[in-house]
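Asker: Whenever a hint applies, use it, and build me the whole structure from the sequences.
Chains as they are written, first to last, in this note's numbering: chain A, 1 to 327; chain B, 1 to 443.
The reader is advised that the hints may include incorrect statements.
What the hints assert, rightly or not - With a cut-off of at most 20 Å between alpha-carbon atoms, the simulated EDC-like pairs for lysine to aspartate or glutamate come out as follows:
| hint | chain 1 | residue 1 | chain 2 | residue 2 |
| --- | --- | --- | --- | --- |
| 1 | A | Lys215 | B | Glu12 |
| 2 | A | Lys215 | A | Asp15 |
| 3 | B | Lys233 | A | Asp15 |
| 4 | A | Lys20 | B | Glu364 |
| 5 | B | Lys15 | A | Asp15 |
| 6 | B | Lys293 | A | Asp15 |
| 7 | A | Lys118 | B | Glu391 |
| 8 | A | Lys118 | B | Glu364 |
| 9 | B | Lys48 | B | Asp98 |
As the list claims (entries may be wrong) - Some, not all, of what chain A presents toward chain B, calculated at C-beta under 7 Å:
| hint | residue |
| --- | --- |
| 10 | Gln16 |
| 11 | Gly117 |
| 12 | Met268 |
What the hints assert, rightly or not - Anything over 12 Å on all C-beta distances counts as not near chain B; from chain A, calculated:
| hint | residue |
| --- | --- |
| 13 | Phe37 |
| 14 | Val53 |
| 15 | Ile99 |
| 16 | Ile108 |
| 17 | Gln146 |
| 18 | Gly158 |
| 19 | Gly168 |
| 20 | Pro272 |
| 21 | Val294 |
| 22 | Ile308 |
Worth flagging that the hints you see were computed from the coordinates, not collected in a lab.
All C-beta atoms, glycine included, are put in the ideal place defined by N, C-alpha and C.
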Amino acid sequence: MNLLTVSGSPHVHADQSVRKIMFGVIISLIPAMLVSFYFFGLSAIILTLTAVVSCALFEFLIQKYILGNVPTIGDGSAMLTGLLLAFNVPSNLPVWMIIVGSLVSIGIAKLSFGGLGKNPFNPALVGRVFLLISFPVDMTSWPLPQSFSTSLTDVVTGPTPLGIVKEGLKKGDALTDLMQQVPDYVNLLLGNMGGSVGEISALALIIGGLYLLFKRIISWHIPVAFIGSAFVFAAVLNFANPEAYVNPFFHLVTGGLMLGALYMATDMVTSPMTPAGMLVFGAGCGIITILIRVFGVYPEGVSFAILIMNAVVPLLNKAFKPRRFGV
Amino acid sequence: MKTFKIGGVHPEENKLSAGKPIEVFPIPQKVFIPLSQSLGAPSKPVVKKGDVVKVGQLVAQGEGFISSNIHSSVSGTVTKIEDYPGAAGYRSPAIFIDVEGDEWDESIDRATDLKRECLLSPEEIVARLKDFGIVGLGGATFPSHVKLMVPAGKKPEYLIINGVECEPYLTSDHRLMLEHGEELMVGISILMKGLGVTKALVGIENNKPDALSHLSKLAASFPGIEIHPLKVKYPQGGEKQLIKALVNREVPSGKLPIEVGCVVNNVGTAFAVYEAVQKNKPLFERVVTVTGKSIPKPANYMVRVGTLVSALLEHSGVNPEEGMKVIGGGPMMGKALTNIDVPVVKGTSGILVMPASASKRMAEVSCIRCSRCTTVCPMGLEPFQLCTESERGFYELAEKDRILDCIECGSCHYTCPSGRHLLDHIRVGKAAVAKMIRARAAK
Numbered sequence: 001m002n003l004l005t006v007s008g009s010p011h012v013h014a015d016q017s018v019r020k021i022m023f024g025v026i027i028s029l030i031p032a033m034l035v036s037f038y039f040f041g042l043s044a045i046i047l048t049l050t051a052v053v054s055c056a057l058f059e060f061l062i063q064k065y066i067l068g069n070v071p072t073i074g075d076g077s078a079m080l081t082g083l084l085l086a087f088n089v090p091s092n093l094p095v096w097m098i099i100v101g102s103l104v105s106i107g108i109a110k111l112s113f114g115g116l117g118k119n120p121f122n123p124a125l126v127g128r129v130f131l132l133i134s135f136p137v138d139m140t141s142w143p144l145p146q147s148f149s150t151s152l153t154d155v156v157t158g159p160t161p162l163g164i165v166k167e168g169l170k171k172g173d174a175l176t177d178l179m180q181q182v183p184d185y186v187n188l189l190l191g192n193m194g195g196s197v198g199e200i201s202a203l204a205l206i207i208g209g210l211y212l213l214f215k216r217i218i219s220w221h222i223p224v225a226f227i228g229s230a231f232v233f234a235a236v237l238n239f240a241n242p243e244a245y246v247n248p249f250f251h252l253v254t255g256g257l258m259l260g261a262l263y264m265a266t267d268m269v270t271s272p273m274t275p276a277g278m279l280v281f282g283a284g285c286g287i288i289t290i291l292i293r294v295f296g297v298y299p300e301g302v303s304f305a306i307l308i309m310n311a312v313v314p315l316l317n318k319a320f321k322p323r324r325f326g327v
Numbered sequence: 001m002k003t004f005k006i007g008g009v010h011p012e013e014n015k016l017s018a019g020k021p022i023e024v025f026p027i028p029q030k031v032f033i034p035l036s037q038s039l040g041a042p043s044k045p046v047v048k049k050g051d052v053v054k055v056g057q058l059v060a061q062g063e064g065f066i067s068s069n070i071h072s073s074v075s076g077t078v079t080k081i082e083d084y085p086g087a088a089g090y091r092s093p094a095i096f097i098d099v100e101g102d103e104w105d106e107s108i109d110r111a112t113d114l115k116r117e118c119l120l121s122p123e124e125i126v127a128r129l130k131d132f133g134i135v136g137l138g139g140a141t142f143p144s145h146v147k148l149m150v151p152a153g154k155k156p157e158y159l160i161i162n163g164v165e166c167e168p169y170l171t172s173d174h175r176l177m178l179e180h181g182e183e184l185m186v187g188i189s190i191l192m193k194g195l196g197v198t199k200a201l202v203g204i205e206n207n208k209p210d211a212l213s214h215l216s217k218l219a220a221s222f223p224g225i226e227i228h229p230l231k232v233k234y235p236q237g238g239e240k241q242l243i244k245a246l247v248n249r250e251v252p253s254g255k256l257p258i259e260v261g262c263v264v265n266n267v268g269t270a271f272a273v274y275e276a277v278q279k280n281k282p283l284f285e286r287v288v289t290v291t292g293k294s295i296p297k298p299a300n301y302m303v304r305v306g307t308l309v310s311a312l313l314e315h316s317g318v319n320p321e322e323g324m325k326v327i328g329g330g331p332m333m334g335k336a337l338t339n340i341d342v343p344v345v346k347g348t349s350g351i352l353v354m355p356a357s358a359s360k361r362m363a364e365v366s367c368i369r370c371s372r373c374t375t376v377c378p379m380g381l382e383p384f385q386l387c388t389e390s391e392r393g394f395y396e397l398a399e400k401d402r403i404l405d406c407i408e409c410g411s412c413h414y415t416c417p418s419g420r421h422l423l424d425h426i427r428v429g430k431a432a433v434a435k436m437i438r439a440r441a442a443k
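Answerer: Given below as structure tokens:
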């Protein structure tokens, strides 16, 4: 009598794996990556590569030598964290700083909580915020884009469009004058502006986001709620006083809003489990982003907004249960 | 097109044997007829060692409200009645018969002509189904006469006939609808009469257009029977999902379909009802799909109950291979057999063979909280949560999170990118919660 394999049902499995999901997200980030390489040149490439390699390496070393686990870098999640971390910092950030950021992302934000799936906060954003509060000058000196250059030194730095508006309004400049100083909407959409490596081109990010939706890696709930609530909130402010509050469309195409709404907030591990929870989570992210941008000290608030909402996820999971059958 | 609303998945259909007409499987030399073939109490043997039996003769009597009679599927001599390991490996009593010839009980009408008129009263129909050992052939093997006995205060409105066959690979119901459509319609009419309803709705997924058009044509001459195409989605054959799809009613948690005025029967059952009522033929054979990507001749056989699975495999050209998986039923809800020398029973809808290379599960990794299990759960549960609660023994929490609503369709495990053994743990949790509730009630 031959030995039979026995297991519980089901006996077939969808063609899915964690690795497929992670590499799906990495593929969807390629358009934004190409745009950043075009505008920021070699420095963006070096920074991105360093972050990806150091995140993977830290994950491997910590799992193997400190935790004594079988390393799981093959699933691609550490590389994705590295990619997203690099996308969230200026391209001229000193390389050693991105290595420190990678260590914080992987070592503190991810592995100290138990690794993939168990971290409450988005690791790339924890790394970014750590860098922002530790190295505020380097983290807020933005190289202005120039068509592909291999120069590593002679970059011109300047504020981001959000920074121009924030500082100008603080000094009492008229909003209409300030809007003359920022790129027009076509350039904003394409990404021809100062900003972090991967956040500049709303268009490239939207293309990648559509790919994620098409591949069903993310659902529409978080991005739509995030972008929609930010837009509505900004529109209400703008309607109340157009002299003091900028056009809501400006908020959508500047800073990290698209990157945050499509990639950072939709991180499966740190977002809610039900559609209703996702909508509330996304709306919270959008509203807090605009609150920080308009009333806070920082010109940009996407990272803080998402991290704050990450902390609310367990509550949202308790509050919003799926619609039960027959109840 | 109609379907159920919450959750669902689309596994590859792989209906390899859909084009294969039902073949009569050769009568084996001996049969093992288990005494426990339906939900409820095992039946009590009424024959003893040395007795000579005919095809269709009563060999075991149902005892208790939920139990059913069992009839001999062959003619021959009873050699012994003793424990034998069943599909799951548990030993339970079975009647062993050595076959001699093929002599049928005289009362069985073996002519193939269609008998449309049913002269029995509803009470007589119920009694006939009980006497003739008719049980649900969709897989749950619930005694059919019990389904027709509507509890006081409840009023049935619809007879729902399940022709969905949403399990991948299986085609026995599909072939039955194509080849025995008329008998099926008469069987449905008899069930309607027995139940006292004027409407029967037959749900068939639209991946079986031939069965849909065939039965729709026949339905024209059977008043009250409607054929409904359904959008392909697993687990539409689950009775709660089917009722939702057809009449848009939700069976309340913990209740039976009669609560929303429905009684659900499988097409295979309706055919067995026709044979029992119109042809005096007890349930001792059924259509079994033998299939799998690696087997040379996927087929649909009319098989006598008690025939060994190993005989079916041999007939289909399967070379037993170390590490292969043989599944009783479909790939989503079927049970992996521990032994291929087990008999076909009333509930065996198919035998699916998976080669060793396809029978292992993928490696299990951490849950990444992708929420796919929650999205696909047709009962609106949170499988990831129920799994953890069961693993940790948090049964009170699992009860509160409605673990007993789980229909074990396996959509969660099917869809999980981390390969979590969600349903394994949930099954353990369900058993523990049910035990906990019984203990509480006993206090």
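Asker: Kindly indicate which numbered hints from before are broken by the structure, ordering the numbers from low to high.
Answerer: Violated hint (a single one): 20; every other hint is consistent with the structure.
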